[in-house]
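Take the sequences, apply the hints, and build the full model.
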Amino acid sequence: MGLKDAEYERIVDILGRHPNLAELGMFAVLWSEHCGYKHSKLALRRLPTGGWRVVQGPGENAGIVDIGGGWAVCWKAESHNHPSAIEPFQGAATGVGGIVRDILAMGARPVAVLDSLRFGDPAEPRVRYLISGVVGGIAAYGNCIGVPTVGGELACDDSYRDNCLVNVMCVGVARRDRLARGVAAGPGNPVLLAGNRTGRDGIHGCTFASEELGERSQERRPAVQVGDPFIEKLLIEACLEALGTGAVVGLNDLGAAGLTSACAETAARAGTGMDIDLDRVKRREPGMSPYEVMISESQERMLLIVERGREAEVTAVFDRWGLEWAEIGRVTDDGVLRVREGGSLAAEVPVAALTRDVPVYDPVVEEPPYLRRAWRAPLPGDFAQGELPGAANRALTAILASPEGCAKDWIFSQYDHMVQVNTVVTPGADAAVLRVKELGPAGLAVTTDGNGRLCYLDPRRGAALAVAEAARNVSCLGAEPLGITNCLNFGNPEKPHVSWQFAAAVDGMAAACRALDVPVTGGNVSFYNETEGAAGRRVHPTPVIGLVGLVADVTRCPKAGFQAPGDVVGLIGPDGAGGGAGDGAGDGDGLGGSLYLYAAHGLVAGRPAAVDFDLERRVQDATRELARSGILASCHDCSEGGLLAAIAECCLLAAPGAGGAEVEVPAGGRVDGALYGELPSRVVVSAAAGDWPRVEAACAARGVPVRRLGRVAPGRIVARRAGGTQALVDVATGELRAAWAGALESLMGGARQ
Amino acid sequence: MTAASCGPTAGAGAHFGVVVFPGSNCDADCYHVIARVVGRPVDYVWHGESDLAGFDCIILPGGFAYGDHLRAGAIARFSPVMGAVRRFADAGGCVLGICNGFQVLLEAGMLPGAMLQNASLRFACRETLLRVDNAGLPFTGRLAAGQVLKIPIAHYQGNYFSGEQELSALEARGGVVFRYCGPDGDASPGANPNGSLRNIAGICNSAGNVLGMMPHPERASEDILGSTDGRLLFLSVVDYIEGRAAARRAAPATGGGGGGGSV
Numbered sequence: 001m002g003l004k005d006a007e008y009e010r011i012v013d014i015l016g017r018h019p020n021l022a023e024l025g026m027f028a029v030l031w032s033e034h035c036g037y038k039h040s041k042l043a044l045r046r047l048p049t050g051g052w053r054v055v056q057g058p059g060e061n062a063g064i065v066d067i068g069g070g071w072a073v074c075w076k077a078e079s080h081n082h083p084s085a086i087e088p089f090q091g092a093a094t095g096v097g098g099i100v101r102d103i104l105a106m107g108a109r110p111v112a113v114l115d116s117l118r119f120g121d122p123a124e125p126r127v128r129y130l131i132s133g134v135v136g137g138i139a140a141y142g143n144c145i146g147v148p149t150v151g152g153e154l155a156c157d158d159s160y161r162d163n164c165l166v167n168v169m170c171v172g173v174a175r176r177d178r179l180a181r182g183v184a185a186g187p188g189n190p191v192l193l194a195g196n197r198t199g200r201d202g203i204h205g206c207t208f209a210s211e212e213l214g215e216r217s218q219e220r221r222p223a224v225q226v227g228d229p230f231i232e233k234l235l236i237e238a239c240l241e242a243l244g245t246g247a248v249v250g251l252n253d254l255g256a257a258g259l260t261s262a263c264a265e266t267a268a269r270a271g272t273g274m275d276i277d278l279d280r281v282k283r284r285e286p287g288m289s290p291y292e293v294m295i296s297e298s299q300e301r302m303l304l305i306v307e308r309g310r311e312a313e314v315t316a317v318f319d320r321w322g323l324e325w326a327e328i329g330r331v332t333d334d335g336v337l338r339v340r341e342g343g344s345l346a347a348e349v350p351v352a353a354l355t356r357d358v359p360v361y362d363p364v365v366e367e368p369p370y371l372r373r374a375w376r377a378p379l380p381g382d383f384a385q386g387e388l389p390g391a392a393n394r395a396l397t398a399i400l401a402s403p404e405g406c407a408k409d410w411i412f413s414q415y416d417h418m419v420q421v422n423t424v425v426t427p428g429a430d431a432a433v434l435r436v437k438e439l440g441p442a443g444l445a446v447t448t449d450g451n452g453r454l455c456y457l458d459p460r461r462g463a464a465l466a467v468a469e470a471a472r473n474v475s476c477l478g479a480e481p482l483g484i485t486n487c488l489n490f491g492n493p494e495k496p497h498v499s500w501q502f503a504a505a506v507d508g509m510a511a512a513c514r515a516l517d518v519p520v521t522g523g524n525v526s527f528y529n530e531t532e533g534a535a536g537r538r539v540h541p542t543p544v545i546g547l548v549g550l551v552a553d554v555t556r557c558p559k560a561g562f563q564a565p566g567d568v569v570g571l572i573g574p575d576g577a578g579g580g581a582g583d584g585a586g587d588g589d590g591l592g593g594s595l596y597l598y599a600a601h602g603l604v605a606g607r608p609a610a611v612d613f614d615l616e617r618r619v620q621d622a623t624r625e626l627a628r629s630g631i632l633a634s635c636h637d638c639s640e641g642g643l644l645a646a647i648a649e650c651c652l653l654a655a656p657g658a659g660g661a662e663v664e665v666p667a668g669g670r671v672d673g674a675l676y677g678e679l680p681s682r683v684v685v686s687a688a689a690g691d692w693p694r695v696e697a698a699c700a701a702r703g704v705p706v707r708r709l710g711r712v713a714p715g716r717i718v719a720r721r722a723g724g725t726q727a728l729v730d731v732a733t734g735e736l737r738a739a740w741a742g743a744l745e746s747l748m749g750g751a752r753q
Numbered sequence: 001m002t003a004a005s006c007g008p009t010a011g012a013g014a015h016f017g018v019v020v021f022p023g024s025n026c027d028a029d030c031y032h033v034i035a036r037v038v039g040r041p042v043d044y045v046w047h048g049e050s051d052l053a054g055f056d057c058i059i060l061p062g063g064f065a066y067g068d069h070l071r072a073g074a075i076a077r078f079s080p081v082m083g084a085v086r087r088f089a090d091a092g093g094c095v096l097g098i099c100n101g102f103q104v105l106l107e108a109g110m111l112p113g114a115m116l117q118n119a120s121l122r123f124a125c126r127e128t129l130l131r132v133d134n135a136g137l138p139f140t141g142r143l144a145a146g147q148v149l150k151i152p153i154a155h156y157q158g159n160y161f162s163g164e165q166e167l168s169a170l171e172a173r174g175g176v177v178f179r180y181c182g183p184d185g186d187a188s189p190g191a192n193p194n195g196s197l198r199n200i201a202g203i204c205n206s207a208g209n210v211l212g213m214m215p216h217p218e219r220a221s222e223d224i225l226g227s228t229d230g231r232l233l234f235l236s237v238v239d240y241i242e243g244r245a246a247a248r249r250a251a252p253a254t255g256g257g258g259g260g261g262s263v
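Here the protein sequences come in this chain order: X and L. Anchor point for the first sequence: position 681 equals 681 in my numbering, and the numbering is continuous, going up by one each time. Anchor point for the second sequence: position 245 equals 245 in my numbering, and the numbering is continuous, going up by one each time.
Mixed in with the good hints, there may be bad ones.
[To be verified] As a list, the in silico BS3-like pairs of lysine-lysine whose alpha-carbon atoms are at most 27 Å apart: (1) L:K150 with X:K4; (2) X:K408 with L:K150; (3) X:K559 with L:K150.
I should point out that these hints are in silico values taken from the structure, not numbers from a laboratory.
The structure is reproduced here in structure tokens:
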């Protein structure tokens with residue numbers, strides 16, 4: 001069942017007896033790494049969680065932040081890596097379903113889904129099968145429930161070959177006075193189970209997610225649940241309508257660890273107990289044991305705690321929506337979870353033993369030896385003078401045709417990203433922007449960011465870079481970052497090198513959040529993303545940041561692409577002139593861990609650049625102010641692929657007739673570093689020539705460097721050294737567009753779902 | 001947002017009903033556009049309803065009615081409200097089926113033909129351009145023949161199919177209302193997003209008061225969402241209904257309860 005001997009002994013100590021099978025199953029699921037956070041809890045305490053807008057921090061089904069006008073935004077991300085590696089379509093589909101119910105449990109209407117996806121090399125047929133299955137599963141589920149999928153990421157690296165990462169974030173909006181909580185308050189109140197029937201699917205899904213994948217993992221297929229988005233859609237409407245009656249005391253989804261978790265967690269939050277009768281749980285098949293009913297992870301089920309005497313108001317709503325429900329028990333006041341079947345007691349466990357007494361480990365940490373080797377590794381030579389611009393053109397094409405750098409239309413056209421008619425900025429920009437109809441011109445900017453390559457090379461810097469990039473992304477649209485949630489994807493935490501990666505990444509995230517004043521409102525940890533054996537692989541440490549920002553006026557968000565020929569193209573932030581010296585290969589010019597080294601040279605090497613938090617904050621403040629002012633014609637974050645990839649994207653996303661640029665890049669240092677280095681804290685902007693002095697003045701007022709690079713000039717992308725005449729890059733935008741727009745389709749080879 | 005979008009939620013004029021099947025998911029979007037953008041009275045109509053008295057226009061919205069189990073629209077056609085919608089249409093009421101609503105109208109036999117899965121075998125959500133081929137309908141009064149509209153699609157089964165004879169009859173009577181096209185209005189194979197026969201995106205019944213279309217006009221009704229071309233359909237039907245009512249008031253003797261469209 002996944003429990004260790006010492007953990008079993010601890011259970012015996014707590015109960016004062018041996019547990020029976022049902023009780024043991026309940027401990028096994030709630031004390032699993034997935035539910036219990038055994039190896040992560042201590043480190044996660046270092047994250048800042050407070051903020052004046054925060055209504056609900058970590059500990060509930062999702063975090064909540066106030067957005068004014070009596071409204072709140074609620075969001076959370078969760079991983080569905082293990083199930084997706086075994087059964088990609090259902091694994092990803094139920095990942096969407098689960099996180100949507102978490103948001104619903106807070107009383108919020110789900111308004112957006114974002115997916116952060118990582119796979120192996122798509123040249124391998126099985127990887128293509130996983131990609132098309134995962135994308136198809138997200139589409140099938142998300143499209144049916146009518147929640148737009150508006151953002152996400154895609155990255156491919158061999159480290160994810162056997163352990164793909166499927167992280168799903170859901171964002172919801174709620175009236176502050178209608179928020180719900182997952183609490184089993186009020187002894188005597190009835191407990192209702194609504195939605196799908198309980199079956200044998202998903203038995204031990206969370207313990208499966210708490211071990212390494214191996215040759216026998218395919219046998220775990222029964223641990224993967226099967227989703228029914230139609231029922232989920234009805235549950236969304238019925239639960240929101242039921243909350244409107246005012247008779248619902250508590251609401252919780254049934255996700256990992258099923259009924260066990262929903263009952264224990266709601267009782268724990270309220271300091272109560274619960275008495276449930278399994279005979280009343282509607283089942284898909286006869287003959288299920290109490291053990292199976294308690295840990296089944298059948299999808300599309302919600303637990304409701306209802307005010308005694310007002311059951312009929314709530315059940316009438318579920319009847320109207322054609323959903324089954326059953327009153328399965330009552331809230332008690334003695335802090336014990338009792339499970340009855342056939343008139344006798346099937347389990348009797350103190351709630352605190354299941355939730356509060358979860359063993360917490362302080363893992364041994366040890367810096368992995370690969371790290372300093374990678375920092376010292378010599379980088380490939382710079383472009384030779386004679387091979388320019390051809391070699392640099394080819395590098396730019398490689399970056400923009402890579403899974404990370406290319407257009408994601410092949411994916412986003414499979415997702416309904418417009419339903420609910422709120423999507424003001426559609427997928428493909430720095431962040432998606434959703435209006436909130438009830439808040440007039442205000443809205444939300446949403447994004448997910450992570451970079452496993454940077455985190456592999458320096459988990460602390462890589463995690464900080466991810467937070468900084470996410471906040472910078474929404475700042476480019478004029479949004480103020482409200483907070484982050486995270487999905488932390490790592491290998492086996494019982495291995496000291498992995499725990500070291502984890503601790504370092506959490507530290508980097510904590511430092512960035514503190515410096516940028518962005519609280520952590522919730523999160524999810526996925527360990528054991530590695531395969532057993534000599535040929536086994538471990539994923540790059542991959543913290544994924546899900547950030548939500550508040551946009552004051554969604555009608556004024558700048559575009560990412562250039563808008564008019566002749567506009568000034570400029571760079572806000574450090575220009576990297578001279579290359580700069582750092583304490584590892586490539587961190588002075590941003591080549592360490594860059595997409596350029598990976599896409600053009602097949603290398604994961606060097607040391608990522610460090611974020612200067614003070615500068616980052618000022619750059620974001622200046623960018624946000626300019627983005628809101630209406631002065632900017634365009635505004636685009638500069639990250640993967642460096643300065644030239646950012647400028648090329650501005651050309652590829654440009655208004656008709658504005659798809660090209662002539663720029664001068666700063667002199668000094670390596671040419672490849674100047675073009676493709678990934679120094680943080682940079683934003684590419686454009687503005688009418690007459691407005692440019694105002695851009696410079698706004699930056700100067702905040703002490704932020706700003707540099708005029710050139711102008712928008714349709715047709716080609718041409719870059720020269722400042723003061724030089726030789727073209728470093730000179731490529732037709734159309735040529736680049738073919739590579740960028742067609743990359744995913746050709747990588748997938750016309751794959752069918 | 002436009003000034004119109006801040007308008008009243010209810011008022012005088014054409015009264016819209018938006019049908020809610022279990023699994024409809026564009027019902028709230030249609031409601032929003034009618035109430036806040038078009039500024040006309042609108043109510044939800046539950047799928048169990050069998051009386052549509054008082055409504056002037058019924059919208060069957062997009063979504064996955066009854067989960068689209070079996071086939072898109074295959075179960076919805078049996079719901080009580082569809083009997084009422086048929087009677088409503090027979091009496092001359094205006095019916096607009098959008099996306100899943102179009103699929104339901106096909107399954108219910110209120111429009112000819114059927115939907116196949118997209119030729120790509122993938123869901124397709126993106127902007128499309130539509131050429132107006134019939135501007136003489138209650139829903140197209142504000143449009144001109146040949147006009148190109150920008151309205152997005154979002155579907156998995158939007159590949160319109162029909163038998164050759166049926167198709168010829170449809171074409172002959174001007175039943176093809178919208179075709180997918182390029183910027184110049186050319187209904188070329190390259191502009192076809194789903195494999196539909198003859199780039200068909202929307203069709204009407206012979207009376208012209210029932211329109212089914214795969215693209216979502218409610219998603220193209222506000223500047224902030226990138227196009228207001230879809231709003232023209234809703235405004236057209238408002239013109240038609242309110243004009244008809246005004247004519248009836250002016251000449252009460254004509255009677256007849258509105259017999260069909262203007263094809």
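A quick look at each hint next to the structure:
Under the criterion of a C-alpha separation no larger than 27 Å, the hint pairing K150 (chain L) with K4 (chain X) is inconsistent with the structure, at around 61 Å. With a CA separation close to 22 Å, the supplied pair K408 (chain X) and K150 (chain L) stays within the 27 Å bound. About 20 Å separates the Cα atoms of K559 (chain X) and K150 (chain L), which keeps this hinted pair within 27 Å; it holds.
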